[in-house]
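Trainee: Using the hints provided, position chains B, C and D relative to the given structure of chain A.
Residue numbers (the UniProt record's numbering), protein chains in the order written: chain A, 1 to 433; chain B, 1 to 433; chain C, 1 to 433; chain D, 1 to 433.
One copy or two, it doesn't matter: identical chains are merged, so the pair holds either way.
Straight-line Cα separation of at most 25 Å, DMTMM-like style, residue types lysine to aspartate or glutamate; simulated pairs:
| id | residue 1 | residue 2 |
| --- | --- | --- |
| 1 | K239 | D310 |
| 2 | K212 | D129 |
| 3 | K239 | E325 |
| 4 | K281 | D294 |
| 5 | K321 | D249 |
| 6 | K281 | D233 |
| 7 | K281 | D249 |
| 8 | K406 | E123 |
| 9 | K212 | E413 |
| 10 | K212 | E123 |
Hint data in this document are derived by calculation from the structure and do not stem from the laboratory.
Bear in mind the structure is a predicted one, so any value in this text is a computation, not a measurement.
There are 4 protein chains.
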Amino acid sequence: MQNRVNAFVDSIEADVIAHRRNFHRYPELGWHEIRTASLIARQLAADGIPFKLGREVFKEDDRMGLPSQQEMDANYQRALVQGADPEYAPLFKDGFTGIVATIGSGDGPTIALRFDIDALPIEESTASDHFPTAQGFASENQGIMHSCGHDGHAAIGLGVCKTLKHFEEQLKAPVKIFFQPAEEGVRGGKAMASSGELEGIQYLIAGHLSSKEGDNGYLSVKSREILATTKLDAVFTGKSAHAGAAPQDGKNALLAASTAILNIHAIPRHAGGYSVANVGKVTAGTMRNGICSDATLLIETRGHSTAINDYLEANTLRILKAAAEMYDCELSISYQGSAESCECDDELADIARQVALEIPEYIQVVDNFEMVGSEDATYLMNRVKQQGGKATYMTYGSLGGMGHHKPHFDIDESDMVLAVKLFSGMALRIQTS
Amino acid sequence: MQNRVNAFVDSIEADVIAHRRNFHRYPELGWHEIRTASLIARQLAADGIPFKLGREVFKEDDRMGLPSQQEMDANYQRALVQGADPEYAPLFKDGFTGIVATIGSGDGPTIALRFDIDALPIEESTASDHFPTAQGFASENQGIMHSCGHDGHAAIGLGVCKTLKHFEEQLKAPVKIFFQPAEEGVRGGKAMASSGELEGIQYLIAGHLSSKEGDNGYLSVKSREILATTKLDAVFTGKSAHAGAAPQDGKNALLAASTAILNIHAIPRHAGGYSVANVGKVTAGTMRNGICSDATLLIETRGHSTAINDYLEANTLRILKAAAEMYDCELSISYQGSAESCECDDELADIARQVALEIPEYIQVVDNFEMVGSEDATYLMNRVKQQGGKATYMTYGSLGGMGHHKPHFDIDESDMVLAVKLFSGMALRIQTS
Amino acid sequence: MQNRVNAFVDSIEADVIAHRRNFHRYPELGWHEIRTASLIARQLAADGIPFKLGREVFKEDDRMGLPSQQEMDANYQRALVQGADPEYAPLFKDGFTGIVATIGSGDGPTIALRFDIDALPIEESTASDHFPTAQGFASENQGIMHSCGHDGHAAIGLGVCKTLKHFEEQLKAPVKIFFQPAEEGVRGGKAMASSGELEGIQYLIAGHLSSKEGDNGYLSVKSREILATTKLDAVFTGKSAHAGAAPQDGKNALLAASTAILNIHAIPRHAGGYSVANVGKVTAGTMRNGICSDATLLIETRGHSTAINDYLEANTLRILKAAAEMYDCELSISYQGSAESCECDDELADIARQVALEIPEYIQVVDNFEMVGSEDATYLMNRVKQQGGKATYMTYGSLGGMGHHKPHFDIDESDMVLAVKLFSGMALRIQTS
Amino acid sequence: MQNRVNAFVDSIEADVIAHRRNFHRYPELGWHEIRTASLIARQLAADGIPFKLGREVFKEDDRMGLPSQQEMDANYQRALVQGADPEYAPLFKDGFTGIVATIGSGDGPTIALRFDIDALPIEESTASDHFPTAQGFASENQGIMHSCGHDGHAAIGLGVCKTLKHFEEQLKAPVKIFFQPAEEGVRGGKAMASSGELEGIQYLIAGHLSSKEGDNGYLSVKSREILATTKLDAVFTGKSAHAGAAPQDGKNALLAASTAILNIHAIPRHAGGYSVANVGKVTAGTMRNGICSDATLLIETRGHSTAINDYLEANTLRILKAAAEMYDCELSISYQGSAESCECDDELADIARQVALEIPEYIQVVDNFEMVGSEDATYLMNRVKQQGGKATYMTYGSLGGMGHHKPHFDIDESDMVLAVKLFSGMALRIQTS
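The following block holds chain A by itself, in its conformation from the complex (with noise of 0.2 Å):
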């Protein structure tokens, strides 16, 4: 079976390599992917594969970080602009920027993929020797750049769809694909899952390509140390003063906020493991002789688990809350992103392991990546698990390290191919073995 599937898939390689640049060309950031979704719907389309998309595939609440309407607005315009599908653009406007397609069906064991399809804020370098520059698909919006190879994934997760279309008569349950908007800041990852995309689903399958550094055909099966994390803005609004002339009658935002940056800074360490809080960021005040009114803290807990990073954010808000109170302040906080930590179960990755096997060109198959740092495709993952099933979260590429999120940063394209082998076959041999 397997060998079937690798045979159809060296056959599409050029369409993988094809999209890959074209979404590499124009990056777009989180909740912005208008073009790039509005293709993968209209690619989608023309393969026959139904899907939904847009607000059918999110809680909208849940949705963390958006840009503002005028940015979201300025960046529809150049979406159009840039060749999206003006059929579908509309659907994904104002922050909807996921679709869900779904292939196959009957009552066997269900499965979903995660693919993520964002860009980040990054100038991509001009270097001549760097490969989309060389090859004259660099980035035509000027400092975004897919520096973390998100426009593979949504390339792979285009070939897995025309792949298991094809062997669609084997499969025996549906199997879903999501094309996940701003994972960057891990924006987007909760309201998709929270969405009722994911009820019934009994394995979730994501994963990360690692950068263009040694030989391909790198696998590790299951990830460690996926870091729960929340990110938040803590805005305390007291009343100004004159400093000198009536000192007393106003309500120091500033004050009250250096006060929650120490204690914050000052929460205990978890005995239970790896626990960070931080406030990276601050702007506060408008004058140098009135009492501040105003004062914007950007934070991030960090925690080994989310019962770790659960308790960091109780704590902080706390702080915040208390330190408002002390200064007879208003506090609002928006939350910016937030991701869970999640254990990867075997029985997913001796799938992997297994399909690997059958793919000749996967060199190093392991099981030890250590990601210590954070992905929202945690939130599909514990929903699933919460279910009852099971989901992992592989990393595959080349042998080299995570040189991610830098301006040189390339993929491996061979490797493209390689993971639309692997996700197709590991929604095959699920519903088959």
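Mentor: Relative to the frame of chain A, chains B, C and D by itself:
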């Protein structure tokens, strides 16, 4: 009339001095004045003057800064040993060491005079040139001393009682004489003021002896800069935990306290006048390697006016409360003392001035004494003023400075008869003019 | 004599008003007064009055709060476009926009008069009842306005120059007229005071127009409560690090800043009088998940006296320095402005009062104006006083309040001729009596 | 060989138990072990074993956390009353309560064994089922108890001395037995390690008894997670001033302390492993209305490694120093204890394992004891390792948990002979194999 008063008072000078030396020899701290109060009661009874005492003359819950029951029990035993009146002593037990004598009747203008009777935790000088030591009536109670002249106040009060009793037929309305405990630390005034004993009183006269420096015969008929103050203890109670093994399980009372301390000191100064909040003493924690679970702060606020002090107190309380919430600690506040600001009335000051003109020994009569300190006579003064009455706070004695609260403090005893003449004369003048 | 002065000044009223409206229409912020200063220079030259300007009249390093070079260059171009004198403009370039005119000679008592010439970053009212708008001379420079009356000061200064020139033969010694830039933010006074131009000066007269409210003809011949102040920026520079991966490698500028902020606000108030230290604005950090490596604080201290302000400044600096050391950060301090307190001299106030008696339009002459604000004329005043001379700061104009720094601020133009009479008359009286 | 050792040790079991009960009955806190040490010395002398003691076996300045002279004097008197050896006692006076015995000679591999001898400030249980109480050898010293088994360690050490003396002819090089005071609070180890007594030593063996729970015969031949720690006291000395009258004259030690406390707790966690800094106890100030002039902080740092602990200590010191400078206070630091981390050597652990195999009573021999605590044996261990030697820290006794430092703590006395067999056997095996 005043001439007759002067003559009578001169005739009882030995009594006044004897009382003063008796009280000086057995000084008692605030709320411990069992012996002092019982001897005052005995003398009033001997003089045929009716009085109320103990629980009758306090609003129980308004008493502040009471000693521990153990301390009160121990002191009670000592008072009995040192000659407290066994009949009256039990009535003052457990922190009710006040008396209100009443002389005169009728529906003329009602008057209250207030004298405080407590000593200080100061070890008296044993220098041979210290008058009480030289004369053999220095303190018998180690570490306790009448170094603020309240022994003289008590003796003056008794002299005034005897004098007014002598001239009782001239009185056109009741004159009440308040013997108040626990002025040091401003702990006793509020509860006497709210006891109901001031109901209907139209004039309140209080005052203080200056220290024996320079010639005697000084009188300031009113005082300025009587500061409002609040003295409170705050106890944070958190939860201990091993700082190494499980820091996340603790509730850190020390961090709550440190946060409160910094922010209390950062309360904006009030542009309306003098305003200071101070945390003067802290004890927290028991062991180096445990999350500190308890912290006690001794706090004082002082303001140019009651309104400014209320501002400081309200901010202090809000900060303490928020700091407790920040660390999920319990907070317990106990008031240890308080006093208000007060404006003296010119009408009463003028009466004092007129009477003083008829007491030849007064050689300097002014109206500009700047107290820059606190007095809980203000509670009685303001209570009377709120009823539409008048009040003043006089300073009288020697011309020298206010060298109070020192081991070598002393009064000029001859100033006492002047004061008896003055207080008695004022009462008679108010009711007879 | 004063009658002749009055008559002459009445004859030049139109000139004074024309100058004021010209300056009002093209307002320039502190250190940008290229057009204003160049037109003053041109007028002085036309009037045959010798003067020094630019780098000659400043101690370069004592200038504070200079704009960026880019801003100065841009403003210079605009000034030329708006009619700056092309001969003089280059001499004021790069933050040297001051002039000192000299009239008279001889060895009589030397005098300096000081007028400030800068505008404020305020958008002028476009209301039809706003006089400058109604008369068509409202600000042409968006966001900039003469809303503190320095347009009037400059015009008065020119009027005084013309008048004293007219009466030059009466003068017995040099009278110097200082046209000072950048009074707003108290940035320019110190550098003119230390330039050497005040050497030998025995009398210094400065003052301010009040706003157009109530009848005109008000004069306070001296001011009280001129507060000392220091305005400084503090920049902490630490070291960034990933808050999650290697927090121990960072040097946290935000924690240094927060610690400094809390402790600066906790500097003990000074019992000697008004004392406030305020951090009014903070910007720190760039990203949520990085250890913050830079923080900028805008700070102001204000004290009842130079000594109290020095106390606040010294404490502020010590706290900033220690906070930097606490986090191993670099600290950079830049002074953005400062002013001293100053006591006005009765001798000069009396002269002003005498002159005002001979100017019939003055209907209210007092000496009790409470400034409760800062002025960098104090540097010039104190410099003269340190030389043994006398100084005063007058307030003159309408009887209404100090509604300065508002979009609808205006002066009563008729107060300008009164001021020209007053300043000129004082100079003549000092030298001729 | 081990069989002969086992047999000999069995023959002295009564002695070992008698020593333990003697020490248990008269427990002495760290640096007070006058009686304990003098009886050890007497026993060594009786057994014909040479030893050094007192000032000879410490580097004086490296001793930490010494009691006050008054406490040492009082305890010395008690020790004499309770049977301290009058010949040796004076040699241990003033905090030099250690002994180093030496057995064997030759140029074979040199060995040091280390036993600690101090008790804890814990009141012993009087429950009838508490073995020492039931057997009549419970603590005679109120509030002091051997609740950590160091009575057993001392007895084992004496048993090992007797045993090695018996087999002295087998020894090929000196074996030194260290009896160390003041392990509680990690105060005594450093000064013995730096005394010079370890020079040339190639093997260092230390260990600890587990508490009497479950079956006896447990042995862990090496330990992990031996944490580095520093215990220090910091005293801020500022300057008092009346908080109301002259706050500006004070130097506020409490604000310095509060600032230090918050920032010490905010030291970034070290990504390299466990890292905690804690301020556990604070006393500051004397009166409510005075600027606090003194504050004492009890501080502890703990790190997964010596490097991490050094990081914490360096940051703590820098924060303390900066906080003192911030308030112009003096800072005094005194080290109260410290310990290093240490890696046990497999070579020595293997030897322990081999010996244990020949001691039938050992029923569970492992190598994974997780200490998660500190021990100042690490100073001796690291000293030997730095010389190129090997070291291990064993845990032996019953299988149950580490319920130490409790009023009902007890050891299983039969574990002591096992330990004597083990230590003796290891020394013999090292030198004879």
